[in-house]
Amino acid sequence: MAIKYDTLGLLIYIALTANILAWVAMLSTHFPRRFRAIRWGVYPHVFVTRLTKIGWAFFALGFVASAGGVLMRGLSTGQPPMRNMFEVMMFIAAVMFPLSVFCRLVLRVGSCWADALLAAVLLVPVGFVFSAEVAHLPPVLQNPLFGPHVATYLLAYAILAKAAVQAVALLRISRRDATSQPLSERSGELDRMVRLGFPLLTMGLCLGAIWGKLAWGDYWNWDPKEMWSLATWLIFAGYFHLPKGSRADKLRAWVALAGFAMTIITLLWVNFSKLFAGLHNYAS
Amino acid sequence: MLALLALSLAACRAVRRDMWMLAIHLGLGLVIFGAMWGSDKAHELRSHWLGKDKIPAGEVSLAPGEQARLGELTLKLAATRVEYYPADEPRWQFYFETSNPAGQVVSRTPIHPKPGQLTELGDSGIQLRLMEYIEQNPTRDRNGLLPPPIVKMEFLRGGVVGQLAMAAKENSRRELLRLMLFDTEQDWLQAGRPTLMLSPDQAARKYQAELVVFNQAGFLARKTVEINKPMHCGGYHFYLAHSDPTGREVVIMARSDSGLRIVYTGLALLLAGLIGRLWIRPIWRKISTRKKQEACDGD
Chain Z
1 MAIKYDTLGL LIYIALTANI LAWVAMLSTH FPRRFRAIRW GVYPHVFVTR LTKIGWAFFA
61 LGFVASAGGV LMRGLSTGQP PMRNMFEVMM FIAAVMFPLS VFCRLVLRVG SCWADALLAA
121 VLLVPVGFVF SAEVAHLPPV LQNPLFGPHV ATYLLAYAIL AKAAVQAVAL LRISRRDATS
181 QPLSERSGEL DRMVRLGFPL LTMGLCLGAI WGKLAWGDYW NWDPKEMWSL ATWLIFAGYF
241 HLPKGSRADK LRAWVALAGF AMTIITLLWV NFSKLFAGLH NYAS
Chain B
1 MLALLALSLA ACRAVRRDMW MLAIHLGLGL VIFGAMWGSD KAHELRSHWL GKDKIPAGEV
61 SLAPGEQARL GELTLKLAAT RVEYYPADEP RWQFYFETSN PAGQVVSRTP IHPKPGQLTE
121 LGDSGIQLRL MEYIEQNPTR DRNGLLPPPI VKMEFLRGGV VGQLAMAAKE NSRRELLRLM
181 LFDTEQDWLQ AGRPTLMLSP DQAARKYQAE LVVFNQAGFL ARKTVEINKP MHCGGYHFYL
241 AHSDPTGREV VIMARSDSGL RIVYTGLALL LAGLIGRLWI RPIWRKISTR KKQEACDGD
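If you read the protein sequences in the order shown, they are chains Z and B. Position 212, counted from 1, in the first sequence is what our numbering calls 212; the numbers after and before it change by one each time, with no gaps. Position 134, counted from 1, in the second sequence is what our numbering calls 134; the numbers after and before it change by one each time, with no gaps.
Be aware that a few hints might be false.
Listed next, the in silico SDA-like pairs over lysine to any residue satisfying Cα-Cα at most 25 Å (straight line) [unchecked claim]:
no.: 1; chain 1: B; residue 1: K291; chain 2: Z; residue 2: R108
no.: 2; chain 1: B; residue 1: K286; chain 2: Z; residue 2: P98
no.: 3; chain 1: Z; residue 1: K244; chain 2: B; residue 2: T289
no.: 4; chain 1: B; residue 1: K41; chain 2: Z; residue 2: W216
no.: 5; chain 1: B; residue 1: K41; chain 2: Z; residue 2: L214
no.: 6; chain 1: B; residue 1: K206; chain 2: B; residue 2: Q67
no.: 7; chain 1: Z; residue 1: K213; chain 2: B; residue 2: V60
no.: 8; chain 1: Z; residue 1: K244; chain 2: B; residue 2: K286
no.: 9; chain 1: B; residue 1: K41; chain 2: Z; residue 2: D223
no.: 10; chain 1: Z; residue 1: K213; chain 2: B; residue 2: R222
no.: 11; chain 1: Z; residue 1: K213; chain 2: B; residue 2: I262
no.: 12; chain 1: B; residue 1: K206; chain 2: Z; residue 2: P138
no.: 13; chain 1: B; residue 1: K229; chain 2: Z; residue 2: L141
no.: 14; chain 1: B; residue 1: K206; chain 2: Z; residue 2: Q142
no.: 15; chain 1: B; residue 1: K229; chain 2: Z; residue 2: G217
no.: 16; chain 1: B; residue 1: K229; chain 2: Z; residue 2: P144
no.: 17; chain 1: B; residue 1: K229; chain 2: Z; residue 2: L145
no.: 18; chain 1: Z; residue 1: K244; chain 2: B; residue 2: I283
no.: 19; chain 1: B; residue 1: K206; chain 2: Z; residue 2: H136
no.: 20; chain 1: B; residue 1: K223; chain 2: Z; residue 2: V140
no.: 21; chain 1: Z; residue 1: K244; chain 2: B; residue 2: V15
no.: 22; chain 1: Z; residue 1: K213; chain 2: B; residue 2: A204
no.: 23; chain 1: B; residue 1: K229; chain 2: Z; residue 2: A135
no.: 24; chain 1: B; residue 1: K41; chain 2: Z; residue 2: W211
no.: 25; chain 1: B; residue 1: K229; chain 2: Z; residue 2: N281
no.: 26; chain 1: B; residue 1: K223; chain 2: Z; residue 2: W211
no.: 27; chain 1: B; residue 1: K229; chain 2: Z; residue 2: I210
no.: 28; chain 1: B; residue 1: K76; chain 2: Z; residue 2: G217
no.: 29; chain 1: B; residue 1: K206; chain 2: Z; residue 2: G212
no.: 30; chain 1: B; residue 1: K41; chain 2: B; residue 2: E72
Part of the chain Z face toward chain B, derived, beta carbon under 10 Å [unchecked claim]:
no.: 31; residue: A135
no.: 32; residue: L205
no.: 33; residue: I210
DEER-style ranges, computed between Cβ atoms [stated by the list, open to error]:
no.: 34; chain 1: B; residue 1: H232; chain 2: Z; residue 2: W222; range: 19 to 29 Å
no.: 35; chain 1: Z; residue 1: P243; chain 2: B; residue 2: N100; range: 52 to 62 Å
no.: 36; chain 1: Z; residue 1: V121; chain 2: B; residue 2: K54; range: 46 to 56 Å
Since the hints were derived computationally from the structure, they do not count as laboratory data. Note that the Cβ used here is the ideal one computed from N, Cα and C, for glycine as well.
Chain Z on its own, in the form it takes in the complex (with noise of 0.2 Å):
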C-alpha cells in the first residue's frame, strides 16, 4: 500500500473520488423507468436530466484534477509523465474525459458512465499500489519519439477500451434481439471507435519502429512487448477484414473484445511479469 500524502496524492484521490461520483451519478440514469418513477415520483426525467448534469459535472472535475496531477509531475520531473505504470495509469484517467465528450459529441458514442469507471479503475492503483518515486530517464528513453510514441500508444489504448465497452453492449443487446435498431446502431458505434483507436495504435508501432531504429539499431527486435502489440495489432487489422453487415455484428464484436485483451496483455502482463523480460521493461 502506497498511500500519497502530498499534492500530488491529493489531486490522485479528489480525482478518485469525482471519477466514482460521477459513475454512481450517469449509471443511475440507465435504472428501468420504472424504478425512477417509484424513487422521484412523477417527473423522473427532471431528475434523470440533474444526475446526468452532476455526473458531467463529477466527471470534469474527475478531469481537472488527474490532468492537473500529470501536468504537475510532468513539471516537477521535466520529462513526459509516461516513465512508469504510475505516471502512464494516471495519463490514461486524464485522457478518459476528453475523449468522452469527444465521442459524444463528434462520433455520437455514449456508455460515458464506462468511461468514468475505467477513470476511476485506473486511479485506485496510482492511489493505492504503485509508488511515485521519481526515476531518471535513462539515457535510451531521451529521445523525441518517447512522448509521442508511448502518448498515441496509450490514446489508442483508452479509445480501444471503449469499443469494448460496445462490444459488450452489442453483444448483450444481440442476444434479446439479432435484427433490432439498437443492434446497428451499437454496430455503427463499435466500428466508429475502432477505426479511430486503429490508425493511432499503428502510429505507435511506427514510431516505434523509428525509435528502435534509432536505439537499438533495428526497426524490430522481437521483443515480447513488440510482439503483443504486432498480436494486437493483427487482431485488430483482422477486423477490418471481416464481412459486413448484420450477419457478422457478434463475429466483429468478439473481435473488438480479443484485441482489448491483447492491449491488456501487452500494457499490463508484459510488464509484471517476468515471463516476459525484454528491452521495454523501463516501465515495471
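With the hints as your guide, set chain B onto chain Z.
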C-alpha cells in the same frame, strides 16, 4: 506475408481502385520488402551474386584512442564522456570486476571495504585492506559529482603484498593490480583479469563517444555519437551500443542502411493510407453529403 499482400493487390479490385487501400497495402508490402532487403541473408546473397562487400552488422569494443576495422571501414574512438544526474548524496563506489579472455566483463561486484579491515575480492584470492580514505574538496562539478577521494590501499595475494594509491580520474587499475600481484600477464589473464574500479555511484544521464570513421581513401566523417543519436556515414549507422559506467570502454555497433529508405517510405504510405481511409474519407463523405443535402433543400 509479402506474397499474400501481392496477391491481394492483384486479385482484389477494391484494393486497387481505392487510393487509400492501395497505399495501406503497398506501404505494408514496402515495409516487409525493405526489412528483407536489409536482412543478413540479403546481404549474403548480394555479396555472392553482385560481389558487394558490405557487412549487415558488426560491433567493436574500443577504449579512447583505440581504433578497429569493421568491414571496409576503420573506426577510431577519439574520446568518451559520461554525464550523471545530480544526486542528493553523490558518492563513489568500489567495484571488483572479472573478465573472460575476450575482455568481456563476467562479473561486477560492488565492495564496501572498511578502513583497516581485510576484504575479500570475490573468489580471486585477493584481499584488500583500505589504509586511508581522504575526501577531496567538497565542491561538486556541473553534474553534481564530488571529486573522487584519494584512497590508499594494500593488496595481498598468496604472500605477495602490493600498495596502491587511487586518486582522481584513475578509474581503472588493471595494469597496476597485475604488476603488483601477478608475475606474468598470463597469470593475470588466467585469474580472470581481476580489476578494481572506483566508479561514481550515480545514474548516468548521457554517454557520449567521439567517433572518427575512415575508409580506404582516408578520413570519412567525425561525430559525437550518443545512445539515440547514431552517426550516419558510408552506408552505415554507427551506434553507441554500450558504455561502462566511467566511459573508459565503449561498444560501437554498426548497422547497414540497406532497405532503410524503403522501410521509411512504406511506413509513411501505411500511415497515410490508414488515416485517409479511416479518418479523412468519412469526414469528406459527411461534408459532401451535407453539401448535397443543402443543395437539394435549396432547390
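Status of each hint after checking the structure:
1. K291(B) <-> R108(Z): Within the cut-off at roughly 20 Å; holds.
2. K286(B) <-> P98(Z): Within the cut-off at roughly 23 Å; holds.
3. K244(Z) <-> T289(B): It holds: about 22 Å lies between the C-alpha atoms, which stays within 25 Å.
4. K41(B) <-> W216(Z): holds (20 Å)
5. K41(B) <-> L214(Z): holds (22 Å)
6. K206(B) <-> Q67(B): Roughly 23 Å separates the two Cα atoms, so the pair holds.
7. K213(Z) <-> V60(B): holds (19 Å)
8. K244(Z) <-> K286(B): holds (20 Å)
9. K41(B) <-> D223(Z): holds (21 Å)
10. K213(Z) <-> R222(B): holds (21 Å)
11. K213(Z) <-> I262(B): holds (14 Å)
12. K206(B) <-> P138(Z): holds (8 Å)
13. K229(B) <-> L141(Z): It holds: about 12 Å lies between the C-alpha atoms, which stays within 25 Å.
14. K206(B) <-> Q142(Z): Roughly 9 Å between the alpha carbons, so the hint for K206(B) and Q142(Z) holds.
15. K229(B) <-> G217(Z): holds (11 Å)
16. K229(B) <-> P144(Z): Judged against 25 Å, a Cα distance of about 11 Å means the pair holds.
17. K229(B) <-> L145(Z): holds (12 Å)
18. K244(Z) <-> I283(B): holds (20 Å)
19. K206(B) <-> H136(Z): holds (11 Å)
20. K223(B) <-> V140(Z): holds (19 Å)
21. K244(Z) <-> V15(B): holds (16 Å)
22. K213(Z) <-> A204(B): Since the Cα atoms of K213(Z) and A204(B) sit roughly 22 Å apart, the hinted pair holds (cutoff 25 Å).
23. K229(B) <-> A135(Z): holds (22 Å)
24. K41(B) <-> W211(Z): Since the Cα atoms of K41(B) and W211(Z) sit roughly 24 Å apart, the hinted pair holds (cutoff 25 Å).
25. K229(B) <-> N281(Z): holds (21 Å)
26. K223(B) <-> W211(Z): holds (20 Å)
27. K229(B) <-> I210(Z): OK: K229(B) and I210(Z) at ~12 Å, within 25 Å.
28. K76(B) <-> G217(Z): holds (20 Å)
29. K206(B) <-> G212(Z): Holds: K206(B) and G212(Z) sit about 18 Å apart, inside 25 Å.
30. K41(B) <-> E72(B): holds (19 Å)
31. A135: OK, holds: A135(Z) within 10 Å of chain B, min 9 Å.
32. L205: Interface hint status for L205(Z): holds (9 Å vs cutoff 10 Å).
33. I210: holds (7 Å)
34. H232(B) <-> W222(Z): 19 to 29 Å: The hinted range 19 to 29 Å holds for H232(B) and W222(Z), with Cβ atoms some 24 Å apart.
35. P243(Z) <-> N100(B): 52 to 62 Å: holds (59 Å)
36. V121(Z) <-> K54(B): 46 to 56 Å: Holds: the Cβ-Cβ distance is about 53 Å, inside 46 to 56 Å.
In summary, the structure agrees with every hint in the numbered list given earlier.
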